[in-house]
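Asks: Listed below, chain by chain, are the residues.
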Amino acid sequence: MARITVHLWSGLRRLTDGDLESVEVDASTVGEALVAVAAQHPGLEPVLAAGVSVVIDGEVSTSRRQVIQPGSEVYLMQRLKGG
Amino acid sequence: MAKDGFETLKLVGTRPNRPDGLDKVTGRARYGADFSLPGMLWGAVVRSPHAHARIVKIDATKAEALDGVKAVITRADFPTGLTGEDWNLQENTMAGEKALYDGHAVAAVAATSKLLAEQAARLIEVTYEVLPHVIDVDAAMAEGAPVIRAGAADATVPEGLHPNVVRYMEFGRGDVDAGFAEADLVMERTYKTEATHQGYIEPHACVSKMGADGKGEMWVCTQGHWYIRKMSAAVLGIEASQLRVTPTEIGGGFGGKTTIFMEPLSLALSKKAGGRPVKIVMSRSEVLRATGPTASASMDVKIGMTKDGKITAARAEFRMQGGAFPGAPVDMALYCCFAGYKLANVHHVGYDVLANRPKCAAYRAPGSPNGAFAVESLVDEMCRKLGLDPVEVRLKNGVTTGDRASYGPKFGSIGLTEVLEAVKAHPQLQAPLGENQGRGFAVGYWFNHNGETSVSMAIGEDGTAQVSVGTPDIGGSRASIALMVAETLGIPYEDVGVNVVETGALGVNEPTHGSRATFASGKAAVEATQAAIKEMCRRAAAEWDIDDEAVEWVNGAAQPAGPNAGKFPPMSIKEIAGKMGQTGGPISGHHESVPDGVGASFGAHVVDLEVDPETGRVTILRYLVVQDAGRAIHPSYVEGQYQGGAAQGIGWALNEEYVYDDKGRLSNTVFLDYRVPVASDLPMIDTVIVEVPNPGHPFGVRGVGETGITPPLPAIANAIHDAVGVRMTHLPINPPKLLAALKAR
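Those protein sequences? They're chains A and B, same order as listed. Quick note: the first sequence uses this note's numbering, first residue 47, plus one each step. Quick note: the second sequence uses this note's numbering, first residue 1312, plus one each step.
Don't read these hints as lab results, they were simulated from the structure. Keep in mind that this is a model prediction, so the values were computed, not measured. Cβ coordinates follow ideal geometry from the N, Cα and C atoms, glycine included. A few of these clues could be false.
Claimed, not checked - Derived pair list, reagent style SDA-like, types lysine to any residue, alpha-carbon separation capped at 25 Å:
id: 1; chain 1: B; residue 1: LYS1721; chain 2: A; residue 2: ARG110
id: 2; chain 1: B; residue 1: LYS1541; chain 2: A; residue 2: VAL93
id: 3; chain 1: B; residue 1: LYS1721; chain 2: A; residue 2: ARG111
id: 4; chain 1: B; residue 1: LYS1721; chain 2: A; residue 2: HIS53
id: 5; chain 1: B; residue 1: LYS1721; chain 2: A; residue 2: LEU66
id: 6; chain 1: B; residue 1: LYS1721; chain 2: A; residue 2: SER68
Unchecked claim - Partial list, derived from the structure: chain B residues whose beta carbon lies under 10 Å from chain A:
id: 7; residue: PHE1482
id: 8; residue: TYR1674
id: 9; residue: GLY1762
Please model the complete structure; the sequences and the hints are all you need to start from.
Replies: See the structure below:
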C-alpha cells in the first residue's frame, strides 16, 4: 500500500476539514483511495457516494479495483459523460 | 491528414455505403412511431398549463366513463420512497404535489384509439393552486425568488445561498490576483446563453406492455435502452431484470434521448389496462414543452493578457439553470471553458440553479458551448484590442500533450496544435471580405467518454461475421464498426453485419452518449473479433497438428507463423467456418469492459458571414470546421458529425431559444416558431479532418460527435463583431436583437 496524493477538484475542497486542495491516503486501488478519503473527511462521503470520476494520470478510471501506481497523479472530479 | 501509422489499412478510412442506408432512404427502417402490436392501446398525457402550481385535485370521472378508455394513471399509481436521481426522474415523469413547469405531466390515459385517448385526456379535470414562478437563472437565485423545492441542495452548497441553488463548485490553481497584476490588459464581461432544444427530427415514441406475470417489454426510440430499462424500473419500483427493452431506429438524439420521459407511463398504463400494449407518441409541442432542453447560462469571465498575447490569469463564474431539478452541466461548462489554454492561474466558480422549466437533458458536449461562448468571445475581444492574431494567440497559449488541463489533470495525447496549424493553412483565411462581412474564429473542446460496453460477434458458416452491439446507431456507427471488424478479420466490409440488439442479448451498455459509440463499441468489437480469430487459429492448428501459438492470422486466413511452424497452405475464414460444426462448434467472440484509453478532441471553426444592417439578419457565407478525429474510420460520417455540430451551433447562436410568456408558459412550441436552421439557411460546411491518433484505441479513434457544437457560438459572435463592430454578449443573436445593437452604436 503506497502513500497517494488525491487532488480534490471541483466543489469537493470545502467539504474537507480545512478546505484542502489534496488529501494524503494510503491506498493501492481506486476503491481503497475513495474509502480512505471519506474516512478522513466524512463531509465528502455523500458526494463520493453519489459518484465522482477518478482521473489517474490524465485518464478516467474504469474500475474501483484499478491499481494506483506509486507516484501516479490522482484527481477526483464531477462525473463525466456527455450527450 | 494522418499524422502517422495505419499505412497498411485496407478498409479503415474508406467510405462505403452505410449498411442501414437503403432501409432508411426507402422507408423500410422502423422508427419508434412505426411500431405497433395487436390489441394495442394509445396513451395520452395530461400536462400542466402552469409553470408552478400545487395540484389540489385530479378528477378522472368523466374520462373513465368514456367507452374505450382502459386506464388512467396519476402519481398515486407510482411507488413512494424514492430518493436522489431516482426521485427526480419519477417526479419529472409524473408530477407529485406540484407541477414544476409548463408541460409537466400530471396524469395519463390509455384508450382504444389515439383520438379517444386525447379526448379522454382533455376530460381529466385538474384543480391547481397557481404559485409564483421563476424562469431566468439570475432571477431564480436572487433574494425573494420563489422556492421551487426546499431542501433540494446537496452538501456542496454553502449556507446563505438561495434554496434554488442546488449545487456549488469552486476550484482552481495558482494566484489569479497576482496573475491579473502581471497582465497588460485585464477585461471582464458577462455573457448569457438561452436554453435550446436538441431538435431531433423524430419525436419520442414507445410501445410497452406489462404482463400479469410482472414481466415487461418495451420498444422505444432511444440512445440507450439499458438506461431506459434501469430508469423505468426504478421509477416504477420493478426489477430491471424483469423488463426487456428493444431499441427502434432513431431519428436523432444528441443527448436528449439518454433518459426517460413518457416511457414509464406507457408501462404503468399497460399494467393498469390488464397487460394490453400501450403506445405513446409525443407531438412536437410535447417534445419542446416537456423533454430535456439544454441549460441556460449567465456567465462572468475575467482574463488577463500581456501585450504579446500570453494569458496570465483567468477566472470564470457560471450560473446555469437546468429546469426544476438538479443537473445543469455547470461543472462541464467550467471544465471545458479554459481547456484549450495553458494556465498557471485559474479559478472557477459554478452554481447549479433550479427554475420552472423542463428538466434539462444532455445536449452534445453539455455545457461546453455555453462556456466557450463566454471565454472565446472575451479572448477574441482582447486579441482585437491588442492587435493580435486570434489563431496565433491560441497557439501561443494552447495546451499540448502532457500539459496540465485548466480543470486539473494532465492531458494525454491531444491535437490542438495540429488543429490550429491546419486552420492557418486553410485558404478560407485568405478569402476577401466585403462591406458588412466579417470573419470569426473560436476553439472548442470535449473530453469524450468510455462507459460500460458489451459486444458479441459470431462467425457465420459462410465466413461472414455478425456483430451485436448495444449502442444505437445515431451517426453511422454500424458502418464504422463493420469497417473495423472487417479490417481486423481481413474480409470484405460487406461480409460484416452489425446489429443493435435488445437488453436481453448482451451485458449492460451505456447509451450512445459522450461520443463513445465508435470508440467504445468499436474497441470492444475489435477485441471480440480478436477472440474469434484466436479460436480460428486454434482450429487450424488442430487440423495441422501444430501448436496454437505457431499459427497467425493474415489477410482473412490462418497460416503457419513461420517456416519452422510447418508447411501448410493458408486456411481461409470460409474454410474454417464451413466446417466449424465438425471441429468444435460455433465460433464467436465477445468483450465486456469499460474501455480505457479515451481520447479527447479539440476543434476550431472559422465562419465568414454578412450582416444586413437594415434588418439585422445574418447570412452565413462560408463555414469551416477543423477537428481532431484521432483516426476517421469512415470519413463521411466524421464529416457529417462536424457539419451537424456546426449547424446546431449556428442555430443556437442565431435563432434558437425558449420564449416564455409572463405566466411562464412556453410560447414557441412548434418548429415554425422555434427556429432551427434549415438547408437553405446554410452554405456547404467545409471540413478538415485532423488525425492525431489516439493511442488508447486500436485504430486511433477519438470521439467526434460533440466537440463540433462548441465553437460556433463564439465564432459567430466574433464574426459579427468583425463585420459591424458590435459585441453581442447574449445569445441568440436574432435579427431584432442585432438590429437594436446596431442602432445603439
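Asks: Enumerate the violated hints, using their earlier numbering and listing them in ascending order.
Replies: Hints that this structure does not satisfy do not exist here, as all of them hold.
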